[in-house]
Amino acid sequence: MSDSSFLEQIRAQGSMIMGFAPHSRAIGMQMVSVEPDVAILMVPYAPELVGNPDTGVVHGGVITSLLDNASGLSVGCHTGERKGMATLDLRIDYMRPATPGENVYARAECYKVTNNIAFVRGIACHSKDGELQLADPIASCVATFMITGGPIPDINTMIALAAAGERPAESAGG
Amino acid sequence: MEALRQLRLNKDEAHLKALIQSIPYARFLGIDAEVRGDELTMILRYHNDLVGNVMLPAIHGGVIGGFLEMAMMIHLAWVSETEHLPRPIDVGIDYLRSGRPRDTYARGAVTKHGRRIANVRVEAWQEARDKPIAAAHGHFRMKEE
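So the protein sequences, as listed, match chains A and B. Per our numbering, residue 206 is the first one in the first sequence, and the count goes up by one each step. Per our numbering, residue 1173 is the first one in the second sequence, and the count goes up by one each step.
Fair warning: there could be bad hints in the mix.
As the list claims (entries may be wrong) - Quick list of in silico lysine-lysine cross-link-like pairs, DSBU-like style, CA-CA up to 35 Å:
| no. | chain 1 | residue 1 | chain 2 | residue 2 |
| --- | --- | --- | --- | --- |
| 1 | B | Lys1183 | A | Lys288 |
| 2 | A | Lys317 | B | Lys1315 |
| 3 | B | Lys1183 | B | Lys1284 |
| 4 | A | Lys333 | B | Lys1183 |
| 5 | B | Lys1183 | B | Lys1315 |
Because the hints were derived from the structure by calculation, they are not lab data.
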């Protein structure tokens, strides 16, 4: 039921939108693709994201950030509009360690939205010859989001902020 | 792992901090720890790279999840005699309140510590311990097969 204009907008401006969240920018998160119900994101391998210095394996927290972001974006890919959302819960199963030196991808699919709750499942994996290795997952997740209708900036504000590498208004939160 | 071996020999705050500092992702997030008596508190020092939503502003949900997962690992390393960093098998995170742009604290508790697997719970809070911003539970592998 996705509005294709939403997907087109995300496709056209996805890299700018990813840069909007300082943490996503800090871990180098990139948008790979969006389609109805589905979002695919990637985090490049980086030494500062390693969770075990003996093995060089990326920490689970990086996978958590990636799956959380991909899951949230997939909700928009399902509803066809951007809405304020809050993650209610995220459950992750770790099947195998990420391979050191390899980028990690996450494919999330929003399969149901009720009045104000969205249900998502996702897989984190590597990619080989341009193909996601979904049959050899690093981790899988299920997530639920509450659609709050809370404040979200319009897309042009987001792009302007991301381009400026803007810091958040730290005094505004209280 | 050398920092873990040192911690087994010397169960004190300095050696626990040294373990945390040896983990690149813990340094990247800005994780610290304090030990008072038998109580271990993990601290996530606020900085701009943790933000997910600049409009609220709020700490990224993935950061809170990563902090809780790291807190469970550190807690297990503190209470056990493990030779390897505990590896997560599954982690469930409940998000209770948005994370404001300030320091976040977490304390863990082991529910069950078996020979190979441990079950842990952890809660994170900011201004008040009885107003948690997130809670998590997980199973961790304590022995490499």
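Verification of the supplied hints:
1. Our distance criterion of 35 Å between C-alpha atoms is broken by Lys1183 of chain B and Lys288 of chain A, whose separation comes to about 48 Å.
2. Simply put, Lys317 of chain A and Lys1315 of chain B have alpha-carbon atoms about 39 Å apart, too far for the 35 Å limit, and the pair is violated.
3. For the hint pairing Lys1183 of chain B with Lys1284 of chain B, the CA-to-CA distance comes to about 21 Å; that is within 35 Å, so the pair holds.
4. The hinted pair formed by Lys333 of chain A and Lys1183 of chain B fails the criterion: a straight-line CA distance of about 44 Å is larger than 35 Å.
5. About 20 Å separates the Cα atoms of Lys1183 of chain B and Lys1315 of chain B, which keeps this hinted pair within 35 Å; it holds.
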